[in-house]
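Protein chains in written order, with my numbering: chain X, 587 to 853; chain A, 137 to 309.
Bear in mind the hints are in silico, worked out from the structure with no lab data behind them.
Here a beta-carbon is modelled for each residue, glycine too, at the ideal position from N, C-alpha and C.
Be careful, since some hints might not be right.
[Unchecked claim] Only some residues are given here: those of chain X computed to face chain A with a beta carbon under 8 Å:
#	residue
1	V666
2	Y692
3	L698
4	R772
5	I832
[Stated by the list, open to error] Listed next, the stretches of chain A that the computed footprint assigns to chain X, with coverage defined by at least 3 CB atoms under 8 Å from CB atoms of chain X:
#	stretch
6	156-167
7	170-181
8	197-209
9	215-227
10	280-286
11	292-302
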Amino acid sequence: MAGAHAGLATPLAAGGEACVDCHADGAARANVYRAAIATTSSSPPPGPAPSSGSGTVARATSPPRATPIDLIACVAGAVVVAFLARRRPRVASAIDVLRKPAWSPYLGGILLGLVVAISMSVFGHRLSGAGAYQHLSGLIGARLAPGSVYWRHVVPTGFTWDVAVAVGALAGAFVSSRLSRTFAVRTMPDRGWAEVFGESVAVRWAVAFGGSLLTELGGGIAGGCTASLAVSGGAALAPGAFLFMIGMFAGGIPALAIASRIARRRG
Amino acid sequence: MVAPLLIGFAFGWILQRSGLSRYDRIANVFRLRDLTVIRFLLSALVTAAIAMALLEGHAPGVSVPIPATYAIGNLLGGAVFGIGMALSGFCPGTIAAGAGEGRLDNLVPGALGLFGGAIVYGLAYERVMPRLARGATVETLADLVGTSPYVTLVLVVEIFVAVLLLLHDAHHD
Numbered sequence: 587m588a589g590a591h592a593g594l595a596t597p598l599a600a601g602g603e604a605c606v607d608c609h610a611d612g613a614a615r616a617n618v619y620r621a622a623i624a625t626t627s628s629s630p631p632p633g634p635a636p637s638s639g640s641g642t643v644a645r646a647t648s649p650p651r652a653t654p655i656d657l658i659a660c661v662a663g664a665v666v667v668a669f670l671a672r673r674r675p676r677v678a679s680a681i682d683v684l685r686k687p688a689w690s691p692y693l694g695g696i697l698l699g700l701v702v703a704i705s706m707s708v709f710g711h712r713l714s715g716a717g718a719y720q721h722l723s724g725l726i727g728a729r730l731a732p733g734s735v736y737w738r739h740v741v742p743t744g745f746t747w748d749v750a751v752a753v754g755a756l757a758g759a760f761v762s763s764r765l766s767r768t769f770a771v772r773t774m775p776d777r778g779w780a781e782v783f784g785e786s787v788a789v790r791w792a793v794a795f796g797g798s799l800l801t802e803l804g805g806g807i808a809g810g811c812t813a814s815l816a817v818s819g820g821a822a823l824a825p826g827a828f829l830f831m832i833g834m835f836a837g838g839i840p841a842l843a844i845a846s847r848i849a850r851r852r853g
Numbered sequence: 137m138v139a140p141l142l143i144g145f146a147f148g149w150i151l152q153r154s155g156l157s158r159y160d161r162i163a164n165v166f167r168l169r170d171l172t173v174i175r176f177l178l179s180a181l182v183t184a185a186i187a188m189a190l191l192e193g194h195a196p197g198v199s200v201p202i203p204a205t206y207a208i209g210n211l212l213g214g215a216v217f218g219i220g221m222a223l224s225g226f227c228p229g230t231i232a233a234g235a236g237e238g239r240l241d242n243l244v245p246g247a248l249g250l251f252g253g254a255i256v257y258g259l260a261y262e263r264v265m266p267r268l269a270r271g272a273t274v275e276t277l278a279d280l281v282g283t284s285p286y287v288t289l290v291l292v293v294e295i296f297v298a299v300l301l302l303l304h305d306a307h308h309d
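Same shape as in the complex, but just chain X (with noise of 0.2 Å):
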């Protein structure tokens, strides 16, 4: 079982050789854990992927070619869309965008989607948030399930590339709102929560407990979160962060609307 983990550093690196000796299926066994692995760390996974076994997570080797429809299509796409952006409003000087505490959000979004691009593409990382904890998680995880395939071999621990972007993250958020004036200790969110949920600090800080754990739970086991799934993911085109998008939304509309009933009701 687990224990017999104990030793092999990297059982998981090239084909998943090492589990051959204890699993007839080594290498089935080996890609699951694998695809866990690109999906629960940002760090690339220690050997092959499972891309049908070819070697790297990289795009198939010889991509197809574009054919005319396929031209056609991207054309007639470029006309919709010069279509719907006629007559756009002059965009803000950037003097004015440095003075401003609240960034447009196409702005933000842009400054996020390059700084994505970067940690993908030079550095390899996805960007996340959950990650951090997954990394941390061992230091009581390991101790509750000693014999734990996950802390053992499957989720890196110590202070990893992800845990130094939450902290940058913590830190970026503290500079940023020292100097829009915008920082201030407080135990309650905005307005809106008041005004549905009440003013009790117990439930707010109770709700942020379960909805907070949620988010890393169903992070987990979907593979990423906002930033590391739906944008990183997103952007790699990968199909799962489409299909993550709509379960987010599938799950956070119904849950919110059914919890601010049964909130209104009691209030």
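Use these hints to put chain A onto chain X, whose structure you have.
For chain A alone, kept in the frame of chain X given last:
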């Protein structure tokens, strides 16, 4: 370790300045009242997709990590994630950003919840994930459809830019 700190710094800064660390912003997207988050996410996705195509091959030895696709797990995990996000107004990235601007409900129950969720996931992993991740593939939409990756990129970008423009018009009407 300087690069991830800087990347994280920019990440937190951008989330904070764009107001994504505010409860109302996140909750109202799930009430379909304020689609700012969608406009932010689609702008980021389109920009990153184009920039990654331009950067491709310029960093030797780096393999771009592509998340695995396993439909049931992606959808189910997404739904659990969405429930947690809609109720709390958090996603894992915005918890750090909100904590940085002084929000104690992010710093204390938010971060503890993420830590707890990661432990629950780790404990359930061996029982759940081999089943959910069965048949996982690491491929892109281009592999799936069987077209050129550049054609796929152009079409996806056009679709999302069209959606952005339609949302922009709807917002100002």
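Here's how the hints hold up against the structure:
{"no.": "1", "hint": "V666", "verdict": "6 Å, holds"}
{"no.": "2", "hint": "Y692", "verdict": "5 Å, holds"}
{"no.": "3", "hint": "L698", "verdict": "4 Å, holds"}
{"no.": "4", "hint": "R772", "verdict": "6 Å, holds"}
{"no.": "5", "hint": "I832", "verdict": "7 Å, holds"}
{"no.": "6", "hint": "156-167", "verdict": "holds (count 9)"}
{"no.": "7", "hint": "170-181", "verdict": "holds (count 9)"}
{"no.": "8", "hint": "197-209", "verdict": "holds (count 11)"}
{"no.": "9", "hint": "215-227", "verdict": "holds (count 13)"}
{"no.": "10", "hint": "280-286", "verdict": "holds (count 6)"}
{"no.": "11", "hint": "292-302", "verdict": "holds (count 8)"}
In summary, the structure agrees with every hint in the numbered list given earlier.
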